[in-house]
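Protein sequence lines correspond, in order, to chains A and B.
Going by our numbering, the first sequence opens with residue 1, and the numbers climb by one from there.
Going by our numbering, the second sequence opens with residue 1, and the numbers climb by one from there.
There's no promise every hint is true.
[Unchecked claim] Capping the alpha-carbon separation at 30 Å, the derived lysine-lysine pairs in DSBU-like fashion look like this:
#, chain 1, residue 1, chain 2, residue 2
1, A, Lys338, B, Lys305
2, A, Lys279, B, Lys18
3, A, Lys338, A, Lys363
4, B, Lys80, A, Lys338
5, B, Lys80, A, Lys363
6, A, Lys287, B, Lys60
7, B, Lys60, A, Lys388
8, B, Lys151, A, Lys363
9, A, Lys351, B, Lys305
10, A, Lys338, B, Lys18
11, B, Lys183, A, Lys351
12, A, Lys363, B, Lys305
13, B, Lys206, A, Lys247
Hints are computed from structural coordinates only; laboratory data are not their basis.
Values in this document were obtained by computation on a predicted structure and should not be read as measured data.
Residue strings, one per chain:
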Amino acid sequence: MGLGVYICTDCGIGESLNIEALQKIGGKMGNCKTHPFLCSKEGVDLIKSDINSEGVNKIVIAACSQRVNTDNFDFDPLLYVTERVNLREHVVWMQPPNDPKTQAMAEDYLNMGVVRASKSEPPVPKTTDVTRVVLVIGGGVTGLTAALEVEKAGYKAVVVEKSAALGGWAKKSYKTYPSRAPYDKLVAPSIDAKVQAVSGSKNITVHLDSAITSVEGEPGMYDVEIDKKGAKETFKAGAVILATGWKPYDANNLVQYGYGRFKNVITNVQMEDLASKGKITRPSDGKTAQSVLFVQCAGQRDENHVPYCSSVCCNVSLKQAKYVREANPDAGAFIIYKDMRATGVYENFYKAMQNDEGIFLAKGEVKGIEEEADASLIVIVDNQLLGKEMRIRADVVVLATGMISSMLPEGKAVNSLTKEYIGDMVVKKTQDGEIEELMPIPHILNLKYRQGPEIPHLKYGFPDSHFVCFPYETRRTGIYAAGAVRQPMDSYQSSVDASGAALKAIQCIELTSQGKAVHPRAGDMSFPEFRLESCTQCRRCTVECPFGVLDEDEKGTPREHPYRCRRCGTCMGACPQRIISFSNYSVDMVSQMLKSMEVPSEGDEPFIIALICENDAYPALDMAGLNRVHLNPNYRFISLRCLGGTNLVWISDALSKGVDGVILMGCKYGDDYQCHFVKGSQVASERLGKVQETLGRLMLESERVTQIQLAINEWDTLPKIMEEFSEKLKGFGPNPYKGF
Amino acid sequence: MGDGTVFTPDIGFVRSLKNSGADTMKQCYQCATCSTVCELTPSDNPFPRKEMIMAQWGLKDELVADPDIWLCHNCNDCSKYCPRGARPGDVLSVLRKAVIAENAFPRFMGTIVGNTKLLLVALMIPVVLFLCVLNASGHLNIPDGEVVFRKFFPIQLVDSIFVSTAMAVVFVFAISVGKFWRKLNVNPYKLMAHSMLLPSLLETLKEIVLHKKFQKCGANLDRTWTHRLVLFGFIGLFITTNWAVFNLYVLKWDSPYVKDDPNILMILGSQAAVMLYYAAFKIFGNVSALVLFIGSLMLFSNRMKDKGVNSVSSSFDWIFATIVFLVCITGLASEMLRFANIAQLAYPVYFVHLVFVFYIIAYLPYSKLAHMVYRTTAIVYAKMANRDVM
Numbered sequence: 001m002g003l004g005v006y007i008c009t010d011c012g013i014g015e016s017l018n019i020e021a022l023q024k025i026g027g028k029m030g031n032c033k034t035h036p037f038l039c040s041k042e043g044v045d046l047i048k049s050d051i052n053s054e055g056v057n058k059i060v061i062a063a064c065s066q067r068v069n070t071d072n073f074d075f076d077p078l079l080y081v082t083e084r085v086n087l088r089e090h091v092v093w094m095q096p097p098n099d100p101k102t103q104a105m106a107e108d109y110l111n112m113g114v115v116r117a118s119k120s121e122p123p124v125p126k127t128t129d130v131t132r133v134v135l136v137i138g139g140g141v142t143g144l145t146a147a148l149e150v151e152k153a154g155y156k157a158v159v160v161e162k163s164a165a166l167g168g169w170a171k172k173s174y175k176t177y178p179s180r181a182p183y184d185k186l187v188a189p190s191i192d193a194k195v196q197a198v199s200g201s202k203n204i205t206v207h208l209d210s211a212i213t214s215v216e217g218e219p220g221m222y223d224v225e226i227d228k229k230g231a232k233e234t235f236k237a238g239a240v241i242l243a244t245g246w247k248p249y250d251a252n253n254l255v256q257y258g259y260g261r262f263k264n265v266i267t268n269v270q271m272e273d274l275a276s277k278g279k280i281t282r283p284s285d286g287k288t289a290q291s292v293l294f295v296q297c298a299g300q301r302d303e304n305h306v307p308y309c310s311s312v313c314c315n316v317s318l319k320q321a322k323y324v325r326e327a328n329p330d331a332g333a334f335i336i337y338k339d340m341r342a343t344g345v346y347e348n349f350y351k352a353m354q355n356d357e358g359i360f361l362a363k364g365e366v367k368g369i370e371e372e373a374d375a376s377l378i379v380i381v382d383n384q385l386l387g388k389e390m391r392i393r394a395d396v397v398v399l400a401t402g403m404i405s406s407m408l409p410e411g412k413a414v415n416s417l418t419k420e421y422i423g424d425m426v427v428k429k430t431q432d433g434e435i436e437e438l439m440p441i442p443h444i445l446n447l448k449y450r451q452g453p454e455i456p457h458l459k460y461g462f463p464d465s466h467f468v469c470f471p472y473e474t475r476r477t478g479i480y481a482a483g484a485v486r487q488p489m490d491s492y493q494s495s496v497d498a499s500g501a502a503l504k505a506i507q508c509i510e511l512t513s514q515g516k517a518v519h520p521r522a523g524d525m526s527f528p529e530f531r532l533e534s535c536t537q538c539r540r541c542t543v544e545c546p547f548g549v550l551d552e553d554e555k556g557t558p559r560e561h562p563y564r565c566r567r568c569g570t571c572m573g574a575c576p577q578r579i580i581s582f583s584n585y586s587v588d589m590v591s592q593m594l595k596s597m598e599v600p601s602e603g604d605e606p607f608i609i610a611l612i613c614e615n616d617a618y619p620a621l622d623m624a625g626l627n628r629v630h631l632n633p634n635y636r637f638i639s640l641r642c643l644g645g646t647n648l649v650w651i652s653d654a655l656s657k658g659v660d661g662v663i664l665m666g667c668k669y670g671d672d673y674q675c676h677f678v679k680g681s682q683v684a685s686e687r688l689g690k691v692q693e694t695l696g697r698l699m700l701e702s703e704r705v706t707q708i709q710l711a712i713n714e715w716d717t718l719p720k721i722m723e724e725f726s727e728k729l730k731g732f733g734p735n736p737y738k739g740f
Numbered sequence: 001m002g003d004g005t006v007f008t009p010d011i012g013f014v015r016s017l018k019n020s021g022a023d024t025m026k027q028c029y030q031c032a033t034c035s036t037v038c039e040l041t042p043s044d045n046p047f048p049r050k051e052m053i054m055a056q057w058g059l060k061d062e063l064v065a066d067p068d069i070w071l072c073h074n075c076n077d078c079s080k081y082c083p084r085g086a087r088p089g090d091v092l093s094v095l096r097k098a099v100i101a102e103n104a105f106p107r108f109m110g111t112i113v114g115n116t117k118l119l120l121v122a123l124m125i126p127v128v129l130f131l132c133v134l135n136a137s138g139h140l141n142i143p144d145g146e147v148v149f150r151k152f153f154p155i156q157l158v159d160s161i162f163v164s165t166a167m168a169v170v171f172v173f174a175i176s177v178g179k180f181w182r183k184l185n186v187n188p189y190k191l192m193a194h195s196m197l198l199p200s201l202l203e204t205l206k207e208i209v210l211h212k213k214f215q216k217c218g219a220n221l222d223r224t225w226t227h228r229l230v231l232f233g234f235i236g237l238f239i240t241t242n243w244a245v246f247n248l249y250v251l252k253w254d255s256p257y258v259k260d261d262p263n264i265l266m267i268l269g270s271q272a273a274v275m276l277y278y279a280a281f282k283i284f285g286n287v288s289a290l291v292l293f294i295g296s297l298m299l300f301s302n303r304m305k306d307k308g309v310n311s312v313s314s315s316f317d318w319i320f321a322t323i324v325f326l327v328c329i330t331g332l333a334s335e336m337l338r339f340a341n342i343a344q345l346a347y348p349v350y351f352v353h354l355v356f357v358f359y360i361i362a363y364l365p366y367s368k369l370a371h372m373v374y375r376t377t378a379i380v381y382a383k384m385a386n387r388d389v390m
């Protein structure tokens with residue numbers, strides 16, 4: 001058993017630093033070697049030979065960033081601890097060569113790396129049996145595609161559909177708009193083929209007229225209970241795809257457009273019905289329509305109704321305008337829009353429809369609709385392209401109402417939902433008085449999780465996930481949202497989405513069986529360990545875990561569901577008793593790292609610890625190094641899995657050691673959050689609010705501790721941020737604990 | 001339309017515009033690049049952006065009342081920069097044609113001349129007319145002896161046909177322009193347009209002679225010269241014709257001109273003066289014809305050069321260019337054949353020449369050439385309404 005420290009002298013490290021001094025530090029703990037080109041085959045062989053002949057099992061590589069050369073420095077994580085010390089990007093590429101401050105920095109990082117490795121042990125694998133079945137909720141285009149993809153990959157799927165037939169909204173469409181060239185013809189929906197394929201498959205079980213009554217357990221091993229026409233059925237599933245789709249906004253709210261008052265005002269959903277009959281007729285008297293007017297964004301992009309754009313209605317109205325034209329070559333179709341949004345390849349479809357002589361498009365606003373004696377409609381349009389108000393006669397007016405996520409229970413308005421979980425605020429009487437509390441409403445999943453029966457939403461009832469980086473992930477590991485339930489989209493996009501979610505679900509089942517984490521620490525085999533004998537049942541870990549890993553027993557002691565865990569360490573940061581740790585990541589480890597560095601006992605320049613997120617801030621620093629940006633040399637960076645793992649004890653450890661200030665560099669939080677663990681940087685900021693107490697006890701200014709939000713591409717702002725914080729600390733004078 | 005008129009789609013009008021050359025107009029997505037690059041458009045409510053949506057929506061009433069389409073001199077900068085290939089320049093050109101047809105009097109003449117499928121009908125009218133006149137006056141044959149055109153088609157007959165036609169044209173134009181003016185003179189410009197008629201007209205004519213607007217069109221300056229040659233060629237021939245009328249009816253000097261006609265000698269004073277007068281007249285006429293001929297050749301070459309990149313000439317345009325070209329060819333050929341004294345060819349070619357001349361004069365209010373009156377009117381109006389940028 002031994003620690004091996006390997007210092008690479010390439011890429012400017014050898015020329016800029018006193019390698020002998022570094023070697024002394026490495027040598028203190030055991031074996032320390034240098035190599036002029038460590039990531040070469042010879043360099044890696046040097047490490048391998050030490051592993052084989054010297055019994056080295058903890059490898060400290062003092063060279064480049066942990067984000068590069070991972071394929072070269074790839075040692076079995078179940079047998080060896082590999083620790084990277086970034087002397088290149090974070091030291092020699094940022095600092096002047098052969099400078100005492102540069103050297104001090106390198107030595108501190110090496111010391112910390114050695115401590116980190118010493119305090120780490122390879123994880124004990126926690127493999128498990130899993131059920132290789134994917135539960136697909138929803139039998140529309142998304143659900144059917146997901147089930148078929150799951151089957152194609154060699155797994156089994158169970159489709160639960162609440163209605164009596166498969167096909168969903170796609171089945172109710174007369175035709176669909178084209179997604180490939182030529183874009184000028186409408187095409188028949190392809191949903192029937194999918195319905196047949198699913199119905200005929202041995203590997204896909206379909207439950208019609210069914211609803212989920214309970215989902216219990218964790219990835220790889222969910223217990224699912226459904227209500228099938230009043231009868232209970234249970235089965236096991238390894239992962240869940242939420243593909244419950246969308247529902248139309250209730251047009252009865254759109255009184256300004258005469259819906260419900262005038263017979264010939266219909267919604268775009270009703271228009272599909274009408275068109276299915278082959279010709280477009282007036283609902284009032286069945287006469288052929290000569291003129292049909294489409295009102296785009298009817299109630300959409302409107303804070304009072306649907307605040308967002310459903311992104312598909314422009315294409316749908318263009319398609320339905322074509323229905324009008326195909327049914328009657330002398331009929332006119334008007335589309336009054338706020339903005340025509342035919343995204344991506346659909347620009348071609350828009351162009352083709354625009355070219356139709358009977359389709360009249362204009363940016364404008366519908367000011368009002370009047371009904372004439374014969375039930376014809378006069379639509380008053382402020383035509384902004386023609387710069388005038390027009391009165392357009394229409395036989396039928398079609399409202400492009402938007403898409404609402406099916407996550408919304410009946411009676412809930414999309415613009416006035418409770419935060420995080422959809423529910424009702426109820427007043428509860430407790431011994432401390434009346435408390436207003438959120439009662440989440442069970443609706444689709446009926447999860448038996450402490451955190452609530454459904455998955456959290458970010459806004460407007462769409463499941464919380466990162467729309468760019470990891471769209472299918474929800475905040476419940478193993479449950480993947482796809483299709484219009486998570487974002488308005490059309491059937492083509494939903495199919496693509498379904499494939500992605502199906503692969504994610506399979507990946508989750510397989511990683512779970514190997515005891516590995518899913519995104520974003522995919523493959524991580526460490527698990528949080530709880531010393532429950534010291535637990536005080538404060539419930540902070542159960543509340544702060546962004547993924548609902550922890551339930552509680554009656555006393556409030558956390559009950560773990562390890563396979564729901566994504567290894568961010570937020571629980572570890574939350575725990576005031578410090579009972580939570582990983583084999584290779586712990587509160588004590590960072591405390592010891594802080595102790596290992598040399599805090600200058602005097603000098604004018606404040607000495608600062610920066611706790612940085614490994615997902616955004618760390619690569620941002622790498623970028624700064626790559627661009628040879630000079631940063632203040634009095635900072636020491638400690639990378640964390642997520643700022644959510646920040647334990648306040650580290651701050652008091654640092655300050656009592658004479659460090660002048662602590663800065664947390666994490667991802668953006670709030671509505672446009674960039675945190676890979678959704679809430680990590682936000683809970684860190686909430687925790688910092690409580691640091692006041694600690695600082696007060698130490699008689700220090702609260703501004704000595706701060707948090708900034710840094711995106712990966714904002715590396716160029718680092719010099720300014722760091723300089724400003726340093727200047728502010730100068731104003732407070734040196735930390736009085738210096739030298740103690 | 002803001003006045004409470006109810007709008008119903010006029011798909012027929014949209015279709016007719018598309019069929020007569022504005023087939024690209026529906027591709028416009030209103031970015032207004034065209035209005036931005038145009039040198040001639042006013043900054044307030046500029047064209048051709050708004051004309052494009054008016055055309056897409058088939059707003060016929062607004063379009064025929066729009067002076068702006070005539071401020072355009074078809075340089076096609078807009079078409080060149082259009083990101084959608086909607087060719088606003090061509091669309092305006094088709095709209096101008098639609099306005100000519102809309103204001104035509106009598107209406108059916110507009111249809112006959114405007115519809116390219118009826119080209120033969122339009123050409124057969126003078127053919128039949130001339131044949132009837134020749135037949136009735138006993139001239140439907142090739143005269144013997146030296147080629148003298150009046151032996152075949154007596155000058156008095158020619159004059160009576162053409163002078164009365166010309167007078168009819170003036171009358172028709174008066175009616176059409178009256179209609180046109182009434183359509184133009186509505187709000188929003190009505191309030192702005194008051195008096196200033198004469199100064200505006202003088203300014204307009206000056207601009208036309210100097211080709212000021214044309215020169216602002218950067219994209220195809222070549223066309224400035226083409227237009228100059230065609231315009232001045234026509235003006236030269238117009239003067240020549242009147243000069244001939246003057247010779248015949250005032251000086252009583254019959255063609256073919258006898259240089260020692262005592263009557264003329266007496267009026268002009270000396271033999272040298274007669275020769276000088278004769279030479280001046282002949283040179284002026286022939287130079288005018290040559291100028292028009294070169295201009296008409298350039299009309300073709302310009303259209304060929306473009307190859308439809310910026311602009312696709314409509315058949316309406318092509319017919320006009322061809323007729324101008326044929327008038328020149330047949331006129332010059334008649335003259336050559338007369339000198340060569342080839343009667344069998346000279347008289348038929350002269351006949352064809354007269355047919356084309358008739359086409360140009362009689363159909364002036366309905367053909368592409370009508371723009372000289374409509375455009376002048378619209379520019380005068382635009383100046384009065386402070387809408388012209390110059």
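Do the hints match the structure? See the list:
1. Proposed proximity of Lys338(A) and Lys305(B) is contradicted: the alpha carbons are some 42 Å apart, above 30 Å.
2. As the CA atoms of Lys279(A) and Lys18(B) are separated by approximately 26 Å, the hinted pair is consistent with the 30 Å bound.
3. For a cut-off of 30 Å, the pair hint linking Lys338(A) to Lys363(A) stands: about 5 Å separates their Cα positions.
4. For the hint pairing Lys80(B) with Lys338(A), the CA-to-CA distance comes to about 28 Å; that is within 30 Å, so the pair holds.
5. Our distance criterion of 30 Å between C-alpha atoms is met by Lys80(B) and Lys363(A), whose separation comes to about 25 Å.
6. Among the hinted pairs, Lys287(A) with Lys60(B) is consistent with the structure: their alpha-carbon atoms are about 28 Å apart, no more than 30 Å.
7. Taking the CA atoms of Lys60(B) and Lys388(A), the gap is about 15 Å. The hint holds against a cut of 30 Å.
8. The suggested pairing of Lys151(B) with Lys363(A) is violated, with an alpha-carbon distance near 68 Å, which exceeds 30 Å.
9. At roughly 29 Å between alpha-carbon atoms, Lys351(A) and Lys305(B) fall within 30 Å of each other, so this suggested pair holds.
10. Proximity of Lys338(A) to Lys18(B) is assessed by CA-CA distance (about 27 Å); at most 30 Å being required, the pair is judged to hold.
11. For the given pair, Lys183(B) sits about 34 Å from Lys351(A) by alpha-carbon distance, which is inconsistent with the 30 Å threshold.
12. Annotation: proposed proximity of Lys363(A) to Lys305(B) is violated, straight-line Cα distance about 38 Å (limit 30 Å).
13. Between Lys206(B) and Lys247(A), the direct Cα distance comes to roughly 68 Å. Violation of the 30 Å bound is thereby established for this hinted pair.
Checked against the numbered hints listed earlier, the structure breaks hints 1, 8, 11, 12, 13; every other hint is satisfied.
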